[in-house]
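Given the sequences, and given the hints that come with them, work out the whole structure.
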Amino acid sequence: MNTAIDIILVLVGVGAFFGLVLALADKKFAMEVNPLINEVEEVLPKGQCGACGFAGCAKYAEAVVENDEVPPNLCVPGKAAVAAKVAELTGKKAEAAEPKYAHLKCRGTKTAAAMAANYQGVPDCAAAKLIQGGPKGCKFGCIGFGNCVRACPFGALSMGEDGLPIVDKDICTGCGKCVSTCPQAILTLQTFDAPVQVECSSHDKGPAARKLCKNACIGCGLCMRSCTHGAIKLENNLAVVDQSICKTCDDPTCLAKCPTKAIEAMTGVKKTQQTA
Amino acid sequence: MAEYLTLFIGAVVVNNFVLTKFLGLCIFFGISKNLSASVGMGMAVTSVMTMSSILAWIMYFFVLQPLGLTFLTTIVFVVLTASFVQLLELIIKKQAPALYNMWGIYLLLIATNCIVLAVPLLNVENSYSLMKSIVFAIGSGLGFALAIILMASLREKLVYADVPKPLQGIGIAFILAGMLSLAFLGFSGML
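Just so you know, the sequences run in chain order G and W. Heads up, the first sequence is in our numbering, so the first residue is 1 and it goes up one at a time. Heads up, the second sequence is in our numbering, so the first residue is 1 and it goes up one at a time.
No lab work stands behind these hints, which were simulated from the structure alone. The structure presented is a predicted model; accordingly, all values stated were derived computationally and were not measured. Wrong hints could be hidden among the right ones.
[As the list claims (entries may be wrong)] Using 30 Å as the maximum straight-line C-alpha spacing, the simulated BS3-like pairs for lysine-lysine come out as follows:
| hint | chain 1 | residue 1 | chain 2 | residue 2 |
| --- | --- | --- | --- | --- |
| 1 | W | Lys33 | G | Lys46 |
| 2 | G | Lys27 | W | Lys94 |
| 3 | W | Lys93 | W | Lys33 |
| 4 | W | Lys94 | G | Lys129 |
Below is the structure:
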């Protein structure tokens with residue numbers, strides 16, 4: 001009988017003690033969570049892509065509510081609509097994030113690019129790159145095992161029959177997941193108003209580049225000389241377009257000049273969205 | 001001193017909780033996909049285990065044993081560790097946000113973990129002194145950290161290995177754990 005009472009006393013004692021301590025601690029160490037954070041999080045697209053620079057939507061919601069310096073327009077996938085709602089909730093000034101899409105700077109299709117090796121390993125770009133920089137002759141181009149396709153949280157990328165990934169610009173939110181995944185770093189985020197793009201990343205010298213890929217930029221400089229705005233420069237055997245100047249051009253003379261057609265007009269681009 | 005060293009080494013490698021006693025396997029497989037998370041988890045387990053061992057030791061030798069209620073040990077320790085982890089979480093969240101960001105999320109995972117319960121139980125079963133209990137708890141925690149960090153490093157390497165389809169994911173992890181465990185059994189003659 002005594003033992004039974006002891007058991008009850010000890011267990012009730014322990015339970016009551018910790019219950020009390022936890023209750024007190026909960027009061028004493030209470031964290032005030034701003035209910036606005038949850039509201040903001042509800043508005044965000046929850047792709048958890050991290051394009052805003054925070055670790056997921058919840059972290060961004062917290063930062064944008066708590067920190068005055070964090071602008072409401074960092075959510076790239078959410079575009080203007082989400083930026084406007086976040087701005088409204090947080091009372092910050094709304095400036096829409098400029099919509100962007102991922103663009104592959106390589107035209108080394110199966111037919112155009114020469115292969116240097118027959119790769120039989122794991123179908124993964126990063127793994128293939130570890131062996132002599134990938135199976136293609138060109139060490140700068142797309143390896144084509146689709147790490148970007150797997151990284152896309154929105155299903156905007158698919159692997160084309162020519163061995164290069166295709167970006168569906170209508171689905172692409174410009175979150176940049178593929179850009180950071182690509183071991184070759186040849187995906188770039190592009191605004192919709194860029195008229196012209198060099199579709200090559202090769203820094204090989206002209207003859208070498210041409211031998212390895214029919215569509216390569218050979219660094220001849222014809223586009224640079226033909227551009228009346230001075231928007232194109234040659235950097236290490238590769239033509240680079242300064243988009244901030246190029247945007248204003250309505251008559252791209254450079255396109256016709258390129259001997260390998262490595263420089264291309266960006267066609268089929270969807271209209272820039274209205275900013276809120 | 002030599003006694004403590006033996007106890008410590010024994011807890012870390014020879015009687016490694018994960019790889020020779022097969023305790024705490026749920027977090028061992030759950031967290032070990034990522035190295036930095038494993039380091040955080042190892043730290044969290046070590047510190048929680050040390051502190052709850054002290055609490056449990058006091059509880060056992062000052063309350064349960066004098067009252068002759070040693071058969072309640074398991075139940076009381078479960079309540080003790082679970083509530084203690086809750087309390088620790090509340091305190092850390094408020095007082096040390098940096099620490100909370102680092103391993104706060106793992107704290108609740110280990111609230112009812114078997115290693116965290118096993119260590120205080122073994123302490124009282126072997127009638128260790130308070131000092132010995134602390135050394136044993138730290139050793140066991142580090143042993144767990146060692147196991148999970150080894151495992152995470154291996155699994156991060158596995159990402160680029162050509163694993164046969166039926167074994168991908170948790171299957172190959174079990175095989176790896178088995179091999180690690182075999183390796184750790186090699187320590188068994190040491191003490």
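- Below or equal to 30 Å on CA atoms is what counts here, so check W:Lys93 against W:Lys33. With Cα atoms ~25 Å apart, W:Lys93 and W:Lys33 stay inside 30 Å; holds.
- Query: Is W:Lys33 close enough to G:Lys46, meaning Cα to Cα at most 30 Å?
  - Reply: 23 Å, holds
- Item | Satisfaction of hint between G:Lys129 and W:Lys94, Cα-Cα up to 30 Å | Roughly 46 Å separates the two Cα atoms, so the pair is violated.
- Query: Between G:Lys27 and W:Lys94, is the straight-line Cα distance small enough, at 30 Å or below?
  - Reply: It holds: about 11 Å lies between the C-alpha atoms, which stays within 30 Å.
Violated hint for the displayed structure: number 4, the only one.
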